[in-house]
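Build out the structure end to end from the sequences listed, making use of the hints.
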Amino acid sequence: GAVVSQHPSWVICKSGTSVKIECRSLDFQATTMFWYRQFPKQSLMLMATSNEGSKATYEQGVEKDKFLINHASLTLSTLTVTSAHPEDSSFYICSAHRPRTSTHNEQFFGPGTRLTVL
Amino acid sequence: DAKTTQPTSMDCAEGRAANLPCNHSTISGNEYVYWYRQIHSQGPQYIIHGLKNNETNEMASLIITEDRKSSTLILPHATLRDTAVYYCIVRIGSARQLTFGSGTQLTVLP
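Protein sequence lines, in the order shown, are assigned to chains D and S. Numbering-wise (the working numbering), the first sequence opens with residue 1 and increments by one. Numbering-wise (the working numbering), the second sequence opens with residue 1 and increments by one.
Calculated directly from the structure, the hints in this document are not laboratory data. These numbers were taken from a predicted model, which means no experiment stands behind them. Ideal Cβ positions, reconstructed from N, Cα and C, are used throughout, including at glycine. One or more of the hints may lead you astray.
Here are the simulated distance ranges between beta carbons [as the list claims (entries may be wrong)]:
#: 1; chain 1: S; residue 1: Gly15; chain 2: D; residue 2: Lys55; range: 46 to 54 angstroms
#: 2; chain 1: S; residue 1: Gly15; chain 2: D; residue 2: Gly61; range: 42 to 50 angstroms
#: 3; chain 1: D; residue 1: Leu26; chain 2: S; residue 2: Asn30; range: 40 to 48 angstroms
#: 4; chain 1: D; residue 1: Glu59; chain 2: S; residue 2: Asn30; range: 18 to 26 angstroms
#: 5; chain 1: D; residue 1: Thr31; chain 2: S; residue 2: Asn53; range: 17 to 25 angstroms
#: 6; chain 1: S; residue 1: Ile63; chain 2: D; residue 2: Lys55; range: 27 to 35 angstroms
#: 7; chain 1: D; residue 1: Phe39; chain 2: S; residue 2: Lys3; range: 35 to 43 angstroms
#: 8; chain 1: D; residue 1: Gln60; chain 2: S; residue 2: Glu14; range: 37 to 45 angstroms
#: 9; chain 1: D; residue 1: Thr17; chain 2: S; residue 2: Asn53; range: 48 to 56 angstroms
#: 10; chain 1: S; residue 1: Thr79; chain 2: D; residue 2: Ser18; range: 39 to 47 angstroms
#: 11; chain 1: S; residue 1: Gln45; chain 2: D; residue 2: Gln42; range: 14 to 22 angstroms
#: 12; chain 1: D; residue 1: Gln29; chain 2: S; residue 2: Ala17; range: 24 to 32 angstroms
#: 13; chain 1: D; residue 1: Gln42; chain 2: S; residue 2: Thr72; range: 20 to 28 angstroms
#: 14; chain 1: S; residue 1: Leu51; chain 2: D; residue 2: Gly61; range: 44 to 52 angstroms
Calculated pairs, SDA-like style, for lysine to any residue (alpha carbon to alpha carbon, straight line, at most 20 angstroms) [stated by the list, open to error]:
#: 15; chain 1: D; residue 1: Lys41; chain 2: S; residue 2: Gln45
#: 16; chain 1: D; residue 1: Lys41; chain 2: S; residue 2: Val108
#: 17; chain 1: D; residue 1: Lys41; chain 2: S; residue 2: Phe100
#: 18; chain 1: S; residue 1: Lys69; chain 2: S; residue 2: Glu55
#: 19; chain 1: D; residue 1: Lys14; chain 2: D; residue 2: Arg98
#: 20; chain 1: S; residue 1: Lys69; chain 2: S; residue 2: Tyr32
#: 21; chain 1: S; residue 1: Lys3; chain 2: D; residue 2: Phe28
#: 22; chain 1: S; residue 1: Lys3; chain 2: D; residue 2: Lys66
#: 23; chain 1: D; residue 1: Lys41; chain 2: S; residue 2: Asp11
#: 24; chain 1: D; residue 1: Lys41; chain 2: S; residue 2: Thr99
Shown next as structure tokens:
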């Protein structure tokens with residue numbers, strides 16, 4: 001299967017600082033990437049859909065000014081958590097969409113980034 | 001997307017088959033059944049998907065009932081590394097989004 005990487009794999013930051021998480025599709029071009037957040041013992045919650053060359057689409061309840069998404073190329077999307085607070089501590093996972101000629105559109109997930117805000 | 005219902009947790013003995021059920025009684029005719037799994041602190045991994053026929057790949061088999069209202073994921077010879085949360089998701093094949101439910105925590109016991 002295709003490979004999606006995330007960097008960093010974990011990060012610890014102080015409250016009030018900003019943190020940038022990168023998501024890269026290594027062997028295919030992804031016009032659409034997704035960002036999820038997962039709290040302990042909970043399921044993945046979609047935060048936003050990132051489309052190359054256009055503004056991201058945010059899910060209800062997700063603050064677009066706090067979670068800045070940039071999808072400047074077909075292989076890279078970034079999520080910046082601005083003015084992070086302890087309640088933003090979570091596991092952030094990206095996925096990249098690879099369309100196929102069949103009716104099935106594949107989505108490949110990154111390994112996740114563990115954010116801890118002190 | 002149609003809602004799915006899965007048991008919260010299941011245990012399976014190592015080397016035995018693990019059968020994970022999923023109910024999707026409101027599935028539409030153009031919706032596929034997808035299975036993903038998530039090993040602790042990792043990103044989800046695609047396992048298999050199907051529309052109405054049974055499917056098999058190197059990881060698992062997917063059995064979909066004739067009325068398509070339920071399905072079963074079968075791991076034929078479970079290993080300790082199969083311990084994970086397994087998510088059953090129903091969606092249109094051309095859709096880009098995935099909506100995760102609570103999944104089933106499968107624990108493979110030695």
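> Which of the numbered hints above does this structure break?
Replying inline: 3, 5, 6, 7, 12, 14, 19, 21 and 22
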